[in-house]
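Chemist: Okay, here's what each chain looks like letter by letter:
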Amino acid sequence: MKDNIILRVEDIHKKYGKTEVLSGISFEVRKGDTKVFIGSSGTGKSTLLRCINQLTVPDSGKIWLHGEEVTHSQKSINYFRQRIGMVFQNFNLFDHLTAVKNVEIALIKVKKLNKKQAREKAMEELVRVGLKEQADLYPAELSGGQAQRVSIARALAMEPDIMLFDEPTSALDPELTGEVLAVMKDLSRNGMTMLVVTHEMGFACSVANEIIFMEKGKILESGPPSKLIREPRFERTKQFLCKLGELYGDIGR
Amino acid sequence: MNESIQVIISTLPFILKGTFVTLRLVLSALAVGFVLGLLLAIGQVYGKKILARAISLYIWFFRGLPNLVLLFLFYFGLFPLLGLDVSAFTIAVIALGLRSSAYQSQIFRGSIQSLGSGQMMAARSLGMTNIQAILNIILPQALRISIPGWSNEYPILLTDSAVTYAIGVMEILTRGSLVVSRTYQPMPIYLTCTVIFILLNYGGMKILHILEDKYRIPGFGNMEM
Amino acid sequence: MIDMIFLSDVLLPPLLEGLVVTLKLIACSIPFGLLTGILISTGRVYGNPAVSFLCKTYVIIFKGTPLLMLLFLIYFGLPSIGISLSPFIAAVTGFIICNGAYNSEYIRGAIQSVKSGQMVAALALGMTKRQAIINIVLPQALIRAIPGVSNEIIYLIKYSSLAYMLTCIELTGAGKIVASRYFRFTIVFLIVGLIYLFLVTIAGKLLTMLEKKFAVPGLIK
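Protein chains in written order, with my numbering: chain A, 163 to 415; chain X, 38 to 262; chain V, 873 to 1093.
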């Protein structure tokens, strides 16, 4: 059972100035899980994701990746970051590189592949997200949905153990979110371990095996989509889900 | 070491007098550049094609020539050729002023053009003549927008003032060199001169920043931040 | 008045020799001036507080000092503490130091204009900070800094004339010598001036071509 647990997070606390953004977050992620985090803005969801790959260092608490402790490790953080893939709300594609070079560069510089191997792998990933034709375009020449898919390809190319998605569709026009969510659904169904922060309840209900509702820096409640949405335990959860329903339409499916 | 300090102290008054010369030189050239630059900018934006072309040529000439060559040309060549007996200081002011006018005209031109043609159209439609419109509507705005770019000319002219050493203007560097040739203490003297220049540079910039803040038009051109 | 024989036999040869020296001065100064600019700006933005402070001080000192003053310090001042440089080397040293200071300000502005998300994404992929700076931030910053650095290169071409004040006989110096000997100041300096104008104009065109070559869609704001 132990080797099935990809990620373990224990009692994470993080303060920004006087505000405690994360007040004791703990959970476990098994191989193949897709966990979706929901909650109002400012409840620390993005901060939590950034703590996992130490882009933000938590004030206290521990994190284990595949049984190895990330938080107080002797090993360089880059060792862990290679095994954690991250997709950002604003894509953060490297503006001076074409799409395929964006996917290649970490393979060459971090994984030390030679140019030929890196190029092959990069093209493979671009094909996987459906962007073979766009390989030689620059980020400024791509639509939002295309850019985000490149950024997913870039993270996937590193063959991570777990993928973190930080509001991947929030910056996209509504017509473009579909293509990105399709890629993410595919990934999830093919067994990728994923943590996703999003408002897209349709996505959550169709692929998540657990939805985690965060409020004021704590996990208020969590459970499989069917259970959480139909019978939320807390009033606050119910309120939030209703609001989402108003904004985004029917969420129960 | 003691000897160095002695030398600095005894020659400081002489060198400091050069500060006044430098400042007079810089401010005069700045003024010449300002007036001329403004006229050139107006000529380029609102004048006939031929005028604009001639001005472009002027700008190309004065922006491409090294200061040293310009000073030599005027001091050894043009002024004696024309029979004008004028001090090195005056020649320096003219040369540096003309050069500065070429750069300043570009700054003013940019500001005038950034106002857009709407301002001019509105003024004309109210019945103002071209000149009235320029004086009352365009210039007040353009000048205020220009202050940041224009205040860059101060450190540039300060650097240029040192080059006038080559034609014997008695500014800071020239005086420093005279002292050095008398006392054979190049390091302390030149270091002192350097400090004076740095102080003049940053003192001046501070004053210009205060001016800039005072006259900034709210809501305009805060894009550089 | 315009004596063709004077021009071709007496003036032209020394001017050409001087021009060669000018070109050598420029060729030596440009690459190292750029390198200095990159080092100082990177040190200032990414270095630890001590390094950052040193770099900031470097810029304050060498932007606030007139180039000719710096040249005098190097050529006349340093020998008194045991460092004697030839006029050419002293001039090039001064040019590199000064050009580097101005370059560093342009490059620093460009580095700061690169979106912070670029660095974050690079780190998230497992790159070290150093790798991120060299492979992701600097390339974008340098592309953005091209106009500013080009400007400084043009200045360098013009200020190379100051090497004459250190007795390095480049184009301006060569002209002055001939003009003084034959009392033909106006025509000589007009010709010298025209040669500089020519150099500056060609350099401008080359640099614009360079800017176009390195342009990446969407990168220049």
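Since the hints were made in silico from the structure, they are not lab data. Where hints are given, some of them may not hold.
Cross-link-like lysine-lysine pairs, in silico, DSS-like; alpha carbons within 25 angstroms at most [as the list claims (entries may be wrong)]:
#1 K273/A to K928/V
#2 K193/A to K389/A
#3 K283/A to K273/A
#4 K273/A to K193/A
#5 K263/A to K928/V
#6 K237/A to K263/A
#7 K987/V to K1001/V
#8 K224/A to K1085/V
#9 K243/X to K928/V
#10 K243/X to K935/V
#11 K193/A to K380/A
#12 K224/A to K405/A
#13 K237/A to K987/V
#14 K271/A to K1001/V
#15 K935/V to K54/X
#16 K294/A to K271/A
#17 K180/A to K193/A
#18 K237/A to K193/A
#19 K277/A to K1077/V
#20 K277/A to K896/V
#21 K987/V to K263/A
#22 K347/A to K378/A
#23 K224/A to K177/A
#24 K928/V to K1084/V
#25 K347/A to K177/A
#26 K271/A to K987/V
#27 K263/A to K277/A
#28 K1077/V to K86/X
#29 K294/A to K347/A
#30 K378/A to K400/A
#31 K263/A to K1084/V
#32 K1001/V to K274/A
#33 K263/A to K1085/V
Chemist: Provide an ascending list of the numbers of those earlier hints which the structure does not satisfy.
Modeler: Hint check: 1, 5, 6, 8, 12, 13, 17, 19, 20, 22, 24, 25 fail, others pass.
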